[in-house]
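Undergrad: So the chains spell out like this:
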Amino acid sequence: GDSVTQMEGPVTLSEEAFLTINCTYTATGYPSLFWYVQYPGEGLQLLLKATKADDKGSNKGFEATYRKETTSFHLEKGSVQVSDSAVYFCALYNQGGKLIFGQGTELSVKP
Amino acid sequence: GAVVSQHPSWVICKSGTSVKIECRSLDFQATTMFWYRQFPKQSLMLMATSNEGSKATYEQGVEKDKFLINHASLTLSTLTVTSAHPEDSSFYICSAPLAGGGDTQYFGPGTRLTVL
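Order-wise, the sequence lines are chains H and U. Quick note: the first sequence uses the working numbering, first residue 1, plus one each step. Quick note: the second sequence uses the working numbering, first residue 112, plus one each step.
If you're looking for bench data, these hints aren't it; they were derived computationally from the structure. Any given hint might turn out to be false.
Unchecked claim - Think about it this way: if two alpha-carbon atoms lie no more than 16 Å apart in a straight line, the pair counts; the simulated EDC-like pairs of lysine to aspartate or glutamate are:
#1 H:LYS52 <-> U:ASP214
#2 H:LYS98 <-> U:ASP214
#3 U:LYS152 <-> H:GLU63
#4 U:LYS177 <-> U:GLU163
#5 H:LYS77 <-> H:GLU106
#6 U:LYS152 <-> H:GLU106
Use the sequences and the hints to build the structure in full.
TA: Shown next as structure tokens:
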């Protein structure tokens, strides 16, 4: 079945460090891919998305590129801030019309 | 942007009682809504798909008699946890896509249920 695998956390970085959170997927066809962010005690917020191969999603300094050949959608940010501390979820939208989530990666940014 | 609300944001109840959680789309219509359950430090598990005007469809392993879902209107879905037990304690989150489908879902802020 369809699945999403993320790198395990927690990831701890200093402010202004470079961030990469790896995400790979297994799916039938070419699903839309998403990154969602969850702040403590809150629901999920859409961070960015990409709907087809080679698309780059970007928002708030975060970027991710849909790589069909490696079935990946890694999240990157050039300079993280303390306010970026949250849990990040990679997800795909499958042919059945459902979102399939990865296990989430907790990011902690220290000043 | 599209906004989804949930009520209550948290609830504490005694074992054996029933709890109702509401999910509303505030500025758009949602013929479909999704209910997820999230355990601490874990991912979201899809419980069921709520369909306006028809029965909900449940994921494998989810007890439909325990988690009652009603999609009363194009902006409201409710999840009732019946005869709640401590193991039902969790964070419940709903989501909705814009009417007409589409792959982007908008999430509510979640409801923290604690069963004593």
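Undergrad: Now tell me, hint by hint, if it's right for this structure.
TA: Verification of the supplied hints:
The straight-line distance between the Cα atoms of LYS52 (chain H) and ASP214 (chain U) is roughly 12 Å, inside the 16 Å bound, and the hint therefore holds. Straight-line distance between C-alpha atoms of LYS98 (chain H) and ASP214 (chain U) comes to about 8 Å, which keeps the hinted pair within the 16 Å bound. A C-alpha spacing of about 24 Å is found between LYS152 (chain U) and GLU63 (chain H), which places the hinted pair above 16 Å, so the restraint is violated. Between LYS177 (chain U) and GLU163 (chain U), the direct Cα distance comes to roughly 20 Å. Violation of the 16 Å bound is thereby established for this hinted pair.
Of the supplied pair hints, the one linking LYS77 (chain H) and GLU106 (chain H) holds, its CA atoms being roughly 15 Å apart against a limit of 16 Å. In summary, the hint linking LYS152 (chain U) to GLU106 (chain H) is supported, as the alpha carbons are separated by about 8 Å, within the 16 Å threshold.
Violated hints, in rising order: 3 and 4; the structure is consistent with all others.
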